[in-house]
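S.K.: For the protein sequence lines, the chains are A, B and C, in the order given. The letter at position 9 of the first sequence is residue 9 when you use the numbering used here, and the numbering goes up by one with no holes. The letter at position 350 of the second sequence is residue 350 when you use the numbering used here, and the numbering goes up by one with no holes. The letter at position 125 of the third sequence is residue 125 when you use the numbering used here, and the numbering goes up by one with no holes.
Derived from the structure by calculation, the hints contain no laboratory data. Careful, some of the hints might be misleading.
[Said to hold, decoys possible] DEER-style ranges, computed between Cβ atoms:
#, chain 1, residue 1, chain 2, residue 2, range
1, C, Arg372, B, Lys25, 47 to 57 angstroms
2, C, Glu73, B, Pro392, 53 to 63 angstroms
3, A, Lys60, B, Asn72, 22 to 32 angstroms
4, B, Asn72, C, Glu288, 54 to 64 angstroms
5, A, Arg4, B, Val367, 24 to 34 angstroms
6, A, Asp72, C, Lys234, 35 to 45 angstroms
7, B, Asn72, A, Asp72, 43 to 53 angstroms
[Said to hold, decoys possible] For lysine-lysine, the following DSSO-like pairs were computed, each having C-alpha atoms within a straight-line distance of at most 27 angstroms:
#, chain 1, residue 1, chain 2, residue 2
8, C, Lys284, B, Lys276
9, B, Lys276, C, Lys234
10, C, Lys364, C, Lys22
11, C, Lys295, B, Lys270
12, A, Lys65, B, Lys386
13, C, Lys370, C, Lys26
Source: prediction; values computed, not measured. Cβ atoms here follow ideal geometry from the backbone N, Cα and C, with glycine treated the same way.
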Amino acid sequence: MERRKMICISCPLGCNIEVFKDESVSGFSVSGNKCKLGKEYGIKEMTNPTRLLTTTVKLKNSHLKRLPVRTDLPIPKALIKTCMREINRIEVCAPVKAGMILLKNISDTGVNVISSRSIGQSQ
Amino acid sequence: MQAEYDIVVIGAGPAGLAAAIEAKKNGIESVLIVERDRELGGILQQCIHNGFGLHYFKEELTGPEYAERFINELIELRIEYKLETMVIDLTKDRVVTMVNSRDGLMTVQARAIVLAMGCRERTRGALNIPGTRPSGIFTAGTAQRFVNMEGYMPGKRVVILGSGDIGLIMARRLTLEGAKVLAVVELLPFSSGLTRNIVQCLEDFGIPLYLSHTITRIEGKKRLEGVYIAGVDVNRQPVEDTEFYIECDTLLLSVGLIPENELSKAADIKIDPATKGPIVNESLETGVDGIFACGNVVHVHDLADYVTLEAQRAGASAAQYVKELLPRKRTGISVRAGQGIRYVVPHFVNVDNLKDTLELFMRVDDVYKEKNVIVKLDDEVLATIKKKRLVPGEIEHIKIKAKMLKDKAVSSITVEVQKEGA
Amino acid sequence: MYDIAVIGAGIIGCSIARALSKYRLKTVLIEKEPDVANCTTKANSAIIHAGFDAKPGTLKAKLNVLGNAAFDELCQDLDVPFKRTGSLVVALKDDEIPTIYKLHEQGKNNGVPAMKIMGPDELRQIEPNINDDAQAALYAPTCGIIGPWELAVALAENAVDNGVEILLNSEVENIIKVENGYVLFVNERNIYAKYVINCAGLHADEINNMVAAPNFQIMPRRGEYNIMDKSVGKLVNTVVFQCPSKLGKGVLVSPTVHGNLLIGPNSEDINEKDDFETTKEGLKYIYETALRSVKRLPAGFVITAFAGLRARCERGDFIIEEAPGAAGFINVAGIESPGLTAAPAIADYVLDILKKMQVEMVEKPDFIKKRRSVVRFNELTNAEKQRLIEQDSRYGKIICRCETVTEGEIVDSIHRNAGARTLDGVKRRVRPGSGRCQGGFCSPRVMEIIARELGIDIARVVKDHPESYILTAQTKELDIDNSDDSGLLT
């Protein structure tokens with residue numbers, strides 16, 4: 001993509017920035033940003049947009065049916081679908097502790113899926 | 001069953017948890033926290049997305065993670081709690097009537113009470129949207145509960161009314177779980193949600209956002225079949241020939257939160273019609289002696305972190321009250337919402353209760369760009385604060401040095417948006 | 001093989017079925033909807049009229065007054081909420097005063113007891129919030145408010161307690177006359193009955209036309225309503241009527257028996273018999289018109305809107321008679337207002353017709369007159385609540401916050417005869433979903449209870465009709481690519 005408009009989300013101001021390909025070192029120029037965070041954000045969104053993924057997994061051995069989980073680091077945006085499919089396949093058994101790794105290195109990203117909470121066994 | 005406690009906290013969401021913990025840490029042993037749901041944590045347990053704790057913990061946590069920090073502390077401090085227990089009555093003499101399956105009906109006399117009941121969602125009925133009454137219409141929070149806790153989808157083809165954060169979060173959540181979100185419809189010309197959510201919940205998934213639009217009719221005899229959407233004019237009235245139809249089987253409503261104050265009213269606590277929550281002072285005490293309030297039950301917050309801070313103040317104040325150390329001068333400075341301001345909390349200030357600062361929380365009534373917020377002490381301008389951007393969806397904070405209020409005999413503080421530009 | 005088949009389980013069909021259940025007659029009540037009281041009976045003004053409005057000499061007039069008198073005992077026996085609030089027909093202008101005098105006369109002719117004309121001061125003693133321009137009013141103390149669907153459900157339950165069979169989701173597709181009776185084709189079953197009573201409401205003409213020459217036509221007339229929050233439920237104390245004027249019939253402002261406020265209805269002739277839509281114009285009309293009598297009606301307190309269809313017929317009066325050329329087939333049709341009020345008297349009238357037809361009506365000595373009383377947790381004293389929870393801990397779990405309804409009440413509403421099978425069925429019987437949160441808090445919990453008690457998956461719990469599913473798949477069952485073409489942008 002040659003150029004793209006977006007809203008920077010680094011701070012509540014939400015500058016409307018425009019990112020376009022050029023001959024600079026990073027390969028992109030950013031306009032409309034009021035600080036350097038905007039530039040960094042714009043370039044990242046163009047080159048390697050990442051997102052933290054939060055979702056649930058099937059839970060067994062508990063009165064709750066689903067366990068909230070998240071990736072411990074952001075994953076490439078393009079891999080969200082693949083990761084969701086992988087996460088949806090697993091079933092976790094209570095008890096679980098918050099932070100426990102449920103899926104290591106999801107979709108070869110180096111990122112783990114961890115539990116968002118602790119749950120005891122079925123009462 | 002009858003009992004007595006020094007402090008009863010009603011609600012174990014972020015507000016209740018923090019208040020109870022702070023009360024205990026301030027030396028009150030006899031604290032009871034009462035929760036109607038099957039576990040502690042309140043609404044946080046279904047808010048599985050991240051964005052919590054950025055201010056308070058300097059970490060980015062999900063709702064359940066944020067809740068667990070406080071739940072662990074509550075348990076470590078051995079604070080007594082009851083689950084699946086509903087408070088059905090409250091008197092201004094601080095008698096709490098509650099019900100559960102195990103203990104039956106209990107009347108508890110409290111020396112102080114902290115109200116932390118949170119809020120409920122505005123409904124289709126309250127909006128009076130014409131059309132049929134099929135299944136498939138949910139408030140966003142109820143849908144969130146079904147998806148994240150029971151593990152069921154509300155539908156396949158979804159339209160969301162309201163671009164507040166709950167609606168935006170659910171747009172993403174439903175998409176990730178395989179539904180098709182066809183549109184988010186927003187009455188105002190701007191979204192009240194965080195920009196970050198517009199980007200990460202709508203733009204990321206190509207979900208169209210229709211600003212200055214509303215739903216004019218609902219169709220479907222048994223299950224929802226579709227909705228009519230129209231553009232609105234400056235008076236927020238639908239413009240006739242802009243109407244179009246979207247076929248869908250699910251409608252999510254994210255059209256406003258209303259503080260849940262039935263118990264407050266039962267205890268004769270005066271409610272501010274602008275916040276729909278109790279009128280409170282700087283110590284979060286309501287107009288009824290010994291009854292404090294914090295969190296969404298006072299006014300709808302936008303960040304759980306600030307709920308925690310507010311609740312800690314309330315818990316500490318309740319503890320002071322029980323120890324008979326909370327100054328009882330009830331008249332003080334009245335805080336007024338001037339032009340451009342929808343509400344300011346707290347409503348009254350007793351300067352003797354302030355340490356160094358008074359923190360005011362407010363919402364504006366419209367979008368303002370490049371405007372000054374004026375803070376007046378009586379008729380004198382105390383401060384003129386330049387603001388690049390003010391929106392109703394984001395709470396503004398103003399800190400005033402207590403010294404400024406103590407030196408003079410101030411009777412009112414007014415906050416307003418200056419009419420002329422900067 | 002049945003003695004009597006009653007078609008339609010609205011207030012009329014349920015009243016008749018219950019009245020029949022006093023006799024040794026094998027009775028079946030056949031209803032096309034998924035629950036009793038699912039059409040007109042669930043969407044009306046919920047008023048037990050005093051009876052001054054009906055034209056003297058009509059069946060409406062006669063049966064209104066007779067029916068009205070029966071409600072205290074009936075509602076006590078069946079444990080149904082009912083209050084005689086009284087009503088006021090308010091004259092807001094000079095030229096409306098003759099109208100209220102005329103209604104007064106008419107009421108006297110109809111046998112309506114204890115009415116009086118009130119002047120401006122007296123009427124304000126009862127209704128302080130009435131508008132300043134209210135000059136006089138016709139006061140009728142026998143007017144009352146009721147839970148119409150609760151009454152229908154209670155009648156149905158008591159009928160089943162006494163041996164009546166109810167078939168739901170059962171549409172009568174055809175009827176043929178056979179020797180000594182009729183055969184009804186229902187869901188691929190043949191049901192034979194000696195006598196048929198047609199209480200099919202909006203569809204009564206279609207049912208008649210299956211066995212007799214068309215002799216009336218039902219034309220749906222839609223009325224829209226708003227229900228307002230309980231916090232404004234005491235705005236008026238009586239049922240406040242307006243006089244019909246050039247602008248229309250006038251709209252009422254009334255307390256409901258549950259403590260809410262009701263305004264409406266408008267009046268629109270429509271074509272479809274299943275068009276229950278509320279409209280922007282209709283809702284605007286009822287609010288603006290209601291302000292004519294009570295301008296203190298606040299904006300912003302609406303909790304829900306609904307539309308009901310009246311089964312109007314050209315005759316302008318109740319049609320309660322044997323269908324021409326169809327012996328043993330009784331039409332009970334065109335039952336629009338004051339149908340709800342007249343229901344107990346309509347049932348007696350139908351019994352009389354059967355007696356005249358020489359139907360053998362032997363009373364059952366073991367007829368159960370009273371329904372097992374319904375627990376209303378919210379109305380109990382603290383001591384009663386405690387005792388109840390000790391007996392059954394499910395009464396200690398409050399499911400509906402807005403109306404304070406317990407799990408015990410919900411479970412009971414499912415397991416009684418003519419019990420709830422759907423989310424709306426529970427709502428209609430014990431209130432969760434009727435409050436200001438409109439089910440936002442309680443519906444997941446109510447659905448869980450229904451699923452558990454009926455032994456079905458929660459995704460199979462429906463709102464009302466079998467096709468009104470609420471939940472679809474479980475999460476993790478649908479692939480993210482179902483969000484197809486507008487997937488993730490890279």
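S.K.: Hints first: check each against the structure and report whether it holds.
M.R.: Structure-based check of all given hints:
no. : hint                                   : result
1   : C:Arg372 x B:Lys25: 47 to 57 angstroms : holds (53 angstroms)
2   : C:Glu73 x B:Pro392: 53 to 63 angstroms : holds (56 angstroms)
3   : A:Lys60 x B:Asn72: 22 to 32 angstroms  : holds (24 angstroms)
4   : B:Asn72 x C:Glu288: 54 to 64 angstroms : holds (56 angstroms)
5   : A:Arg4 x B:Val367: 24 to 34 angstroms  : holds (25 angstroms)
6   : A:Asp72 x C:Lys234: 35 to 45 angstroms : violated (56 angstroms)
7   : B:Asn72 x A:Asp72: 43 to 53 angstroms  : violated (19 angstroms)
8   : C:Lys284 x B:Lys276                    : holds (26 angstroms)
9   : B:Lys276 x C:Lys234                    : holds (21 angstroms)
10  : C:Lys364 x C:Lys22                     : holds (6 angstroms)
11  : C:Lys295 x B:Lys270                    : holds (25 angstroms)
12  : A:Lys65 x B:Lys386                     : violated (50 angstroms)
13  : C:Lys370 x C:Lys26                     : holds (20 angstroms)
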